[in-house]
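Asks: Spelled out, the chains give:
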Amino acid sequence: MARLVALLLALACVPFSSGLYGAVAADLRFTAGEYSGFTRPFLERVARDYEALHPDTHIQIEVIPWDSYLQKLTTDISSGDQPDIAIVPTMWVSDLAADGLLEPLDPLVTPEFKAKFIPAFLVPARVNGTLLGLPAAASARAMVVNTDLLQKAGVQAPKTWDDLRTAAKAVSALPDTYGFGLPGKEVEVDTYFYYALWGFGGEILKDGKSGLASPEAIRAATFYMSLINEKATEPSPTAHSREDVFKLFKEGRIGIVFAYPMLVPQLKAEAPDLRYAVLPFPVQTQPVTLGVTDVLTLSSSSKNQKAAWDFMQFLYGAKYRAEFDHAEGLLPVTVEGAADSYYKDDPDIAAFAAGLAYARFAPTIKGWSELSEITLRSLQAMYIGQKTPAEAMTDAARQIDDVLAHR
Amino acid sequence: MRRGKSTTSLPTVDEPHLRTRQMLFLLMAPSVAAAFFITLVPVLLLVRMSLSSVSRFGRIGDYVGLRNFARLMADPLLPDIALRTVIWTGSVVGGTLLIALPTALVLNRRFFGRRLAQFLVLAPWAISVTSMAVVWRRVLSDEAGLLNRLAMASGLIERPVIWLGSIPASFGFEILIAILVSVPFSTVILLAGLSSIPADLSDAARLDGANAGARLGHVTLPLLRPFICVVLIFNIAYVMNSFPIIWILTQGGPANGTDILVTYLYKLAFTLGRLDEAAALSILMLGALGALTVLLLRLLERPAHG
Amino acid sequence: MVKRSLLSWCALLPLLAFNLFPFAVVLDTIHRRGSGGDVRTFWIGMWYRTEIGTALINSLVIALSTALASTLIALPAAYVLSRWRFRGRRAASEALLGSQILAPIMLVLGLSQMVAWAGLTDTRLALIGLYSAFQIPFAIWMLRGYIDAIPVELEEAARIDGASRLQILRLIVLPLSLPAIAVTATFAFITAFNEFVLALTILRSPSTFTLPIRVNALTAGRYAVDWPDVMAAVLVASLPVMLTFVWLQRYMLRGLRLSLGST
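Residue numbers (the working numbering), protein chains in the order written: chain A, 1 to 407; chain B, 408 to 713; chain C, 714 to 976.
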């Protein structure tokens, strides 16, 4: 059947086919999400360096916008065309593992190589005790404030969640500015809620059930809702994606945002005159932040596993790691990288890196993206006023429990 | 221009001649094979997926009968989304026709600069639906953008408006954009139809004392009916291709408030990872659209004057 | 005539305003770009930053190949449907129109598997094949209408002179159908040039990206979006079809009229 299809497709276009494709048998395919415009040229360069040392290996780099990455990986795998090596968000690992798509790395990793990594980062990539990926990118979130706006509004940078409300309201009172940037559209709408959820002492999952119906979660939701109702956020959060909010921040029109380290190089490039400070999240009982890791995985069906594994190790050359982390605004995953003075000298980066000590991670369970979508939907219904915080949270918790019960 | 009566008068055509049969086969084979491969094969693959348990990353597991269809039917979001799809299809197809028909009638008359006007009507067709959606997303979310500045300059609003702030506004804009995207093609088809109506028919009606409205209702529209059916069929098909408009503007949000079946299908498959249910939904949609098309084709067959 | 012209233009004005609005936004955004530099520097920089050149070439190669392949494959079938009487002919004609409802997005799960089995993921060839196949029913439908209008007497005369069917097809039908072929090919070109969902699923590497995918990649899932660049890319992406309109508008309408005349 497949050959017939190929024949048909080829026949349809015989006159144009020459030179369109020329695959070699010993190819390695390597896919990664696009962190920035730097990602692809960098990975291409590493691949070419490697090929120079190993002329028999050819590495095809595919850098895919995060937006469509999951879809591409799904179509690849469902058609039996899984990439040999892939950098994926940790939250996909459980699902990939459930289908037996990832090669366990324990037999391959030598103790010396394993010692390269900060031990905490090896934890999220383990499923049932089996190591299925190497930490490829790490990041922690922090609060970024526009110091000029806070000063103009006559408030201090917030230390607690109540401070945050006061400061946000004061900044919103200034003409044409908004206090707190709350994304309510597309990626990470749920993530922005987890910050408050954790801050108020709640949990995403507790004893295998959703923690969203807990009093802490409802208090966190009520807090965000009060910010919206008291006009302390930008108008219509559901019309603003994370990037829309950051754009307003760059224009100097938002006082406080929760952000990732990549925002810093963007601020320097796009808003060189903006005065800002990177600070920890507001604290209620104990400091919290979200840690995010992406992992480098090896396909269990790869025909060239040996070469693939060799190249994976090559990627952790100190020179490459440092260049990649610095350019993408990521935090170090290797012990050697963490010792780099770069993470202490630069106050912005240091502030983000400080969070790693107490960072929490999103749960690595199968079907996480569905739970995340349910949370997003309920939050949006609350933000546009369709549901009260209590309704939104209990509804979400019920649906999540349903999903959890199904597996 | 009507289907020629002489087409069947070729002497050998009706003969069950072996060589003619072979020739017929030879000439049709490439097209039939192509159509076969892009329709039947994927549909069969979808049927298999819809009857199996499929994992997050597309591994096909056990045969589960109609379980996926049952789960789909039990999905509390689906009734609203199906209803919204009907509203979407109706408004976009109807709106397109309501704009394209008068536009074609105007463009069918002679006036100064008609060629330029035609070009300007066609212009949005040159922008891909994706680009169009990207541009409009920018327009509707940029507080300092052209739309807000124009609206403020004309005194319609006092401060910049967040256009995608509510569900009805978002969905309304999406319908509007989908209509704008479909108008050029529909206008071209209707224009072709209008120009194939002999002028003397209309003249004869004028001599009989029919006014412009009556001529339109009794001469032009009945003769145009096949073309209107063609426009309807194509637009119903293209409404499915307007996926990027909703996906790029709102991703079906907030709170699934702008989801239609195709965006929900995409979410089911690629965000929620319920590929088996997505396949089941594809099958149901294909069935519904197929029925609708058959209905329209029957309409097309009926003689112009009942 | 003057009064009628004014009236006509006034009637079209609202639609034209809406139609031109996206172009105005594109030009306005490019005009308001924050970072300095003259127009030339901006365009050269944008061309380099967005890699729009590669995408333009890919889109042109794919769209032109699709136009050529789909029309060439459809032509003989259209001829058969127009001239032969056989059982199922009527059903075949209806199936042609009916098949338009098979939107790629509903079949994308199956299609991407097919492409992967054929080992053609991330190739322009795969898209040419799929686009051509999707375009064939429409092409047959258009061409058949046109061939219906070609007097059959011409062919009979050629037969009497001893021409074979293939010769008739090549020497009489083909030259006479050129206008319809041009129109059909143009439609295929536009459709292939602007297609999104299949390209999004099948293309992986920037070296194969088509224009819609490139434009999407400049905005979606990015941590920062450079809007003047995006808008300039949109403009570049719509120029080829726009030029086609300027060039072929008259023939398109005439060919379409003849093709649809027999509906």
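If you are wondering where the hints come from, they were derived from the structure by calculation, not from laboratory data.
Predicted model only: the values in this text are computed from it and were never measured.
For every residue, glycine included, the Cβ atom is placed at its ideal position computed from N, Cα and C.
Among the hints, a few may not be true.
[Unchecked claim] Just so you have them, the derived chain C footprint on chain A, three or more residues with Cβ under 8 Å: (1) 62-75; (2) 79-91.
[To be verified] Covered by chain A, per the in silico footprint, the following chain C stretches (three or more residues, Cβ under 8 Å): (3) 827-834; (4) 905-919; (5) 936-950.
[As the list claims (entries may be wrong)] Here are some of the chain A residues that sit facing chain B, going by a computed Cβ distance under 10 Å: (6) 189; (7) 248; (8) 302.
Asks: So, for every hint listed, does it hold in this structure?
Replies: Verification of the hints:
1. 62-75: Holds: 11 residues of the segment 62-75 of chain A have a Cβ under 8 Å from chain C.
2. 79-91: holds (count 3)
3. 827-834: With 8 residues in contact (Cβ-Cβ under 8 Å with chain A), the coverage given for the segment 827-834 of chain C holds.
4. 905-919: holds (count 5)
5. 936-950: holds (count 3)
6. 189: 9 Å, holds
7. 248: Hint holds; residue 248/A Cβ to chain B Cβ min 8 Å, cut 10 Å.
8. 302: The hint is violated - residue 302/A has no Cβ within 10 Å of chain B, the shortest such distance being about 15 Å.
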